[in-house]
Every structure is written in structure tokens, then in C-alpha cells.
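Go by the hints and put chain B onto chain A.
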Amino acid sequence: MGAVEVEAALAALDAEMASPAPDAAAVSAAFGALENHRRPRYPEVHPFNEVMFTGEQIRGIFAHCYGVLDRWPDYPGGDENRDVWRLRWQVKTLIEGFFVDPHGDSRAFRQGSLDHVSAFNRPLPDYVSDPHSPLPHFPLDLEEARALALPYLQMLEARLDDAPLSHLPLCWSVKEHPAAPFDVIFNDWIADIDALGLGLGNTGEALRRGFALASLAQSGRQKVSRKAMDHEILPQFDDPHPLIAGCAGRFVGRVYKDTKRSFNNGTPQPLANILDHIGALATNRRAVAGGFLHGLDDFGNNVFVDLKKDPRLEGYDVDGWVMRIFADPVPEVHLPGAQGFWFPVHEHYCLDPPFVDKMIDAGLTWEALLCATEMQEPVDGMAAVLQRLAEVEDRGIADPARNCLERVYKT
Amino acid sequence: MGMVEFRAALDVLDAQREADTPDGDVVVEALATLKPNRTALLSRDDLTRMFAACYWALDRFAEARTAEPQTPGWRAHWICIGLIEATVTDDAAGYRAATQSGVNRYLALGFDRGGKPPEPVKPVPHVPMDLEEATGLVAPYLARLEAEIAEKPYSHLKLAWDVFRRPVAPFDVVFEHWLADLDARGVGTGDSLPALREAQALEKIAQEGRQVVGWQTCEDVLLPKLEHPHPMVAGCAGKLVGSLYTPDMDRFGNTTPWPLTKMMDHLTHVQGCRRAVAGGFVVAFDEMPYLVEDLGDAFDLDAWVMEILAHPLGEPYVPGAQAFWFHVHEYYWRDVDFMFGLLDAGHDWIAYMCATEGAELALVRPVLDRIVAGETELAEAARTFIARKEKSG
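From first to last, the protein sequence lines are chains A and B. My numbering numbers the first residue of the first sequence as 1 and each following residue consecutively. My numbering numbers the first residue of the second sequence as 1 and each following residue consecutively.
In short, the hints are calculated from the structure, not lab data. Glycine included, every Cβ here is placed at the ideal spot set by N, Cα and C. Just to be clear, a hint being listed does not mean it is correct.
As a list, the in silico DMTMM-like pairs of lysine to aspartate or glutamate whose alpha-carbon atoms are at most 20 angstroms apart [stated by the list, open to error]:
| id | chain 1 | residue 1 | chain 2 | residue 2 |
| --- | --- | --- | --- | --- |
| 1 | B | 122 | A | 157 |
| 2 | A | 92 | A | 157 |
| 3 | B | 122 | A | 188 |
| 4 | A | 175 | B | 119 |
| 5 | B | 158 | B | 219 |
| 6 | B | 389 | A | 143 |
| 7 | B | 122 | A | 205 |
| 8 | B | 204 | A | 105 |
| 9 | B | 391 | B | 360 |
Some residues of chain A that are not near chain B, with every Cβ distance over 12 angstroms (derived) [stated by the list, open to error]:
| id | residue |
| --- | --- |
| 10 | 53 |
| 11 | 54 |
| 12 | 96 |
| 13 | 200 |
| 14 | 318 |
| 15 | 352 |
| 16 | 388 |
| 17 | 403 |
Bound-form chain A, shown alone:
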């Protein structure tokens, strides 16, 4: 897609949005053309990143995005509103795509593939579908960029009363894969909302510290002493902000993945003690436990299989530990930087109907539902569990359980 097609898509948007009753499907199609423009281009078609949005085009895109959000302010339910749902999603993706570097996580990998192609005269590996990853570029001044982002930031801000952590995933992405000048704009905005005490009131500090802990966990190279672990790191489990607590859990999990390599001074506490410590936390127990398991197993394997055969945990009741974590009444929130606790639980216990039964007994119906519906083929004994779930009052639990019974167990 070239400059002409961008202009055509914008003209189509102009025409449709100017009508008294814009058609969501038509608007969505025009936005789809713009989305295609932002996708990486194939080298044989566009040898260079030739077509970038101009400042004028960006002004038009933002105006139409906000026009859509004004015209259709909510995600509607029902199949008949699928176009509106898709359109809102497209707009959100398009706007947020300007705030972050969309290739930030894969650029080095793609470039590495290109380097090997060039250095060793090799063909491009099949798994690299497109090696090109243009740098993000926003051709407008800081203040104009700030003004364009403002309505979106205000929308995020408005949600903080009901969902005080809802802005974290985007803020995290901006921090992890910055796209100038939005890194600066977000920093300023976060300072503003913290000054106003919005959300939990310390987003800036939580992001900085959470990001620091998660980065050290991801690198897997940071060594620690027993003293630092006891005095600097473990106390962060008790931080009231779940992002800090969860990311501290992840870092400690990474350290306990290989204590011989990770401790440079002092004898580490036994792994069982750490699990007990997490199981007794007064706050954010699930966030810390989720982060801890994430750190133990970065690659998303079945971490509970490893835990149950870990010689450091001989005789330890891992299933009991899971239930102790779930006993924390604070519900789980989605955190960037640290995996949710429910995730590894449902990956492992989806094959263990008696345990899922126990979860229902403990009132953990949502968690039990995730376990019971994970497998897309029948699991011996799970039909009865699903039947129990299908009979609960909450339709959000009962309906998916019934669907799963129909789909997987009645063939």
C-alpha cells in the first residue's frame, strides 16, 4: 500500500464519517486499509520503508479514531453489533499502535535473521515471515503529539475509578517498547495522575520498580546475596501495589530456578520456605505466586510438573500450596510483567478432575471453569465436574461449562 492508498482510505473515512448515520462496516473497512498500511512490508514489494504516514495523515487518522469512539462509545453485545465491536477494536489498536514501537520485541530477532542470510549466503528461514521492522516514526512536534494523545489518555483516566489497574498494560508497553515522543508524554501523564491520586496513586513508582524487577528476571543473569534477598527483595512481596509484588515474585522465581548459579553469597532459604512465605502473604498472594511461577519457568512449560518432581520439594504438598494461594480473597488482576497465577494452574490441573472438584468446593468456580474447559478433548472424570459448573447460578460460569460439555463431551 502506498501514499495513494492511504489518501484513498482517509477519503473514504471522511465521506463515511460525514454522513448522518455512518455505517460501522464501511468505516471498519476503511480502517482496515490503514491497518494494512501499518503492517511490515515485504522487501520484494517495498524494498524500503517507503510509505510512512505524514503529519497531515496522522491528524486525519486521530480525528477519525476519536470520531468513532464518540459515535460508538461502548463495546456493544450481540452478534448484530459485531461490526461496531470490530471497529472499536480497530481504532483502539490503531491509536495504541502509535504509542509503542510495534516491532520492539522482534526487531533484534528479525535483524539477526537478516544478518545470517547476508553473512552466510543462506535463504531466509521460513519462520521469519517478514524480516523488515521499520522504526516507529511520528512526524509531529511533542506538543502536537501530546494534544493528539490527550483524549485517549482521558478515556483511560476515566476508567481508573472502576478499574484502577486498567491503564497498566499500555503504560508497560510504552515503557518496554518506547516510540518517541510518546514515552515522554506517558511519563508526564503518569506523573499527573499520580499527583491527582488516581488509580492506586503510585503508577509511576510501580511501573519503574516492576519493570526493573521483571527486566532482571528476564535477563536471568543477576546474582544476589542472601542478605539482599532477605532485606531488599522479599520485603517487596508485601508492597501494596500488585505490580511490584508480582514482579518481585517473578524475580525471586528466576533466582530459585537455579539457586547455585544465582546466589553469590550466603545460603539461600529452602525453596519450601519461600513457597510457605508466599502462601502466608497478607496481600497480593496470587500476584506474587503467579510471578514466582513465571520466574521459575519463563518458557511457559508445565511448571507444576517440575515443582512436583523437584528434589528440593520432596514431601511438600504442592496441591495444598495452590489452595493456600487461592485462599487469598483478593481477586486476580491482569498484570503486565508477571503471569497470572490462574494460568499455570489451569495448564496443569486441566487433567486433574478431583482437584478441580476441590476448587469448586472452595468456591473457586471461575478458576475451576478455566481448568475444566482447557482441554479440547475429553478428560476422564471432567464431564461430572463440568456438570457441577453448569448447574451454578452464575451464567458466566454455567454457560461456558454447558457449551464445553456439548462441544467436547457429547460427540
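Chain B alone, transformed into the frame defined by chain A:
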């Protein structure tokens, strides 16, 4: 320090541009003020004014480039070059990750380095211009670089290397277009863009030092690249091959490479850019003494160096791999006999570089005296060097 000072300096420069007789000292002071106050988030107007001032100063002091160092014109010239080139690259990219790592440790682990918080991470540079505007902004500078290519066909590559290694959008694209255009018009060697891509790939893999390469691949793919006609590609191929021979890694996997001495011998038979290849090969070991350590006493390094230098093709400056002469002058700076050998073989300039590297004058005086007596172009430089050394005692 900040935008107020930056814009005040731009005002001074605007006034100087309008003046009938600009004051060189005032211009230099204003340009020097721009440098530390230039932020990563300049507005379009700031960037446009800064480039306009730089182009004006480069024209105004065009004669000063080769003038006596530290004169106002000379300083103005080099400050302008620095400002322009720093703007088209992300000059903080090299240490941004390291700074972030320091911040991470400080925040997560309390490693407070004496109680002082670490230096904040510099923001990613932002160029608030369309591709077309950015192309127009740097066009006069690219035209200047292009004008130099006729005499120095590789002179544009250093900046282009930096632009691709530490890119700032959209200048990476601007430079890509420019190099492709040069190639299409046959300017310089006519293969600047593919040469840069290939050389950077080879150099990066060498620098990472992790890639295992079977001997067959080395022989079939990498050794032919040592004969690449572009010295930058050949030099970086030399660096990658050299990196495979560094001793603390088993980079050939379970295959058996040529012994190091045989590879060294192979380098003396390179027909293309032999010096560039050897320079790249040695830099993979960091510097000559580490290579010598691996070679053992039986290897005749002096003879090998002379065979590399025997190739008639000189050494143009290219980025990516260290020039061979550099290793030679670092290693032989106190070896007067070897310097005489260089003079005997007609390598006067390298002998001069060895002799002026840092040894006491008494030791290298005979070499310098012979250069002076030679009445070559270097004689005057050698004479000046001796006089300066004698004066400083």
C-alpha cells in the same frame, strides 16, 4: 542548561547570519552552546533553525576545515559536523541499555552506588518531520558528502554505518534512499548499500562471538568473502573469520578448522583487499599481542606483517574493522629494526606512525632522521615532530 539556552544560541546565530561581518568567536560560542543543550525532543522549528545555522557556518568557514586547529573557523566547522551527524543518529543508543540496567539494579535490589541514584535513561530521539521534510533537511549535507566521494570513494560510509547501527527514524530511511540513489547513479564504488548491509551482518556476528560455524561453511562461504572487492566487506569477513579462531570458544563446533598458522598464511595470499582483511582478522583478537600469544614463538610475525603489507592496494578508511596499519603501529612502536624494515620496503608512512606512537625520541630518532633525509612528503611532518619533542624535552 536546556531549551532556553539552545534557543538563545539559535537567536545569536540568526543575528550573525544577518550581520555584514559575522564575528567568528561569537559564532563558535553559540554553536558550542547548541551542542550540550540539544535534546532528544527538538521541535521541527528548532531542528530547521539549527541545520540552517550549521549549513551557513559550514559555507562561511569553508576554508577553515584544513586550517590550523582551534581557530574559530576550524572549531565552527567541526562543531557543525558534530551537531548534524549526532542528529541523524541515536547517539545514546550505545549506552541506553546499560543505563537502564543500572536503573533496574538500583530500583530492584537497592544497589545504590554510594547513595547516588543512577543517571536517568536518555529518551529515544524524536524527529518531528515527515520523510520528505527530513530528506530536505539533510539534503545539503548529503550533497557535501557526495561531493567528496569522487576523491574518497569510501568517505561517506562511516556516517552511513552509524546511521544504520544507531538509527533514528526517519533518517535511516533517508540514508537508505540516498545510498540506493548513489548506487543507481554509479557514484563511488556503486555498491555502497549492499556492501554496508553485508559488512554490518558479518561484523555483528563477529562481535557477538556466539555463532558456531562448521569448517565447511567457513571454507565455502566465508573464505571467498575475504576476496570481496569492497574493503569494508572483506575487512568484516576477516573479522568474522578471526573471531572464530579466538581461543576461549569452540566456534567451529565439532569440525576441524585449519590451524591458525595456516589461516594466517592464507591471508597473505588474499588478492583483493589483503590489508583490510588482515586488519579485521587481527582486531577479532582485540590486538596483536593476543594473536601473537596464540600463534606461539615459532611463527614469524614480522615476515607475516611484511607479506600483508606487500600487497600494493593501500588502506582506505572504512568502518567495521580496524585498519591493519593501526595494529602494526601499536605493536612495533619500540622496534626500530622493524621500522627500518618498513622504510626499506617503502612503507614510510607506517614507519612514521610507529616512530611517533610514543617511544622516547632518542630511541626512534634514527628512523625519523632517515624519513627527514628522504625528502618525501613525510619529511616535513617528521621534522616538525622532532622539533616539538626536542622543545618539550
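Hint by hint, here is what the structure shows:
Only pairs whose Cα atoms come within 20 angstroms are accepted, and residue 122 of chain B paired with residue 157 of chain A is rejected, the gap being roughly 27 angstroms. For the proposed pair residue 92 of chain A and residue 157 of chain A, the alpha carbon gap of about 15 angstroms is at most 20 angstroms, so the pair holds. A threshold of 20 angstroms between alpha carbons decides the hint, and for residue 122 of chain B with residue 188 of chain A the separation of about 15 angstroms falls inside it, so the pair holds. Restraint check for residue 175 of chain A and residue 119 of chain B: the C-alpha separation of about 17 angstroms stays at or below 20 angstroms, so the hint holds.
Proximity of residue 158 of chain B to residue 219 of chain B is assessed by CA-CA distance (about 29 angstroms); at most 20 angstroms being required, the pair is judged violated. A distance of roughly 57 angstroms separates the Cα atoms of residue 389 of chain B and residue 143 of chain A; the hinted pair therefore is violated under the 20 angstroms criterion. As the CA atoms of residue 122 of chain B and residue 205 of chain A are separated by approximately 18 angstroms, the hinted pair is consistent with the 20 angstroms bound. Distance check on the hinted pair: residue 204 of chain B and residue 105 of chain A sit about 19 angstroms apart at the alpha-carbon level, within 20 angstroms; holds.
Proximity of residue 391 of chain B to residue 360 of chain B is assessed by CA-CA distance (about 13 angstroms); at most 20 angstroms being required, the pair is judged to hold. The claim that residue 53 of chain A is not at the interface with chain B is violated, since a C-beta of that chain comes within 12 angstroms of its own (minimum 9 angstroms). At roughly 5 angstroms, the least C-beta separation between residue 54 of chain A and chain B is not larger than 12 angstroms, which violates its mark as non-interface. The claim that residue 96 of chain A is not at the interface with chain B holds, since no C-beta of that chain comes within 12 angstroms of its own (minimum 17 angstroms).
Every CB of chain B is more than 12 angstroms from the CB of residue 200 of chain A (nearest about 18 angstroms), matching its label as outside the interface. The non-interface label for residue 318 of chain A is consistent with chain B: the shortest C-beta to C-beta separation is roughly 28 angstroms, beyond 12 angstroms. Even its closest Cβ contact with chain B, about 35 angstroms, leaves residue 352 of chain A beyond 12 angstroms, as expected for a residue assigned away from the interface. Annotated as non-interface, residue 388 of chain A keeps its C-beta farther than 12 angstroms from every C-beta of chain B; the closest such distance is 43 angstroms.
Listed as outside the interface, residue 403 of chain A is consistent with that label: its C-beta sits roughly 43 angstroms from the nearest C-beta of chain B, beyond the 12 angstroms cut-off.
Comparing the model with each numbered hint stated earlier shows that hints 1, 5, 6, 10, 11 do not hold.
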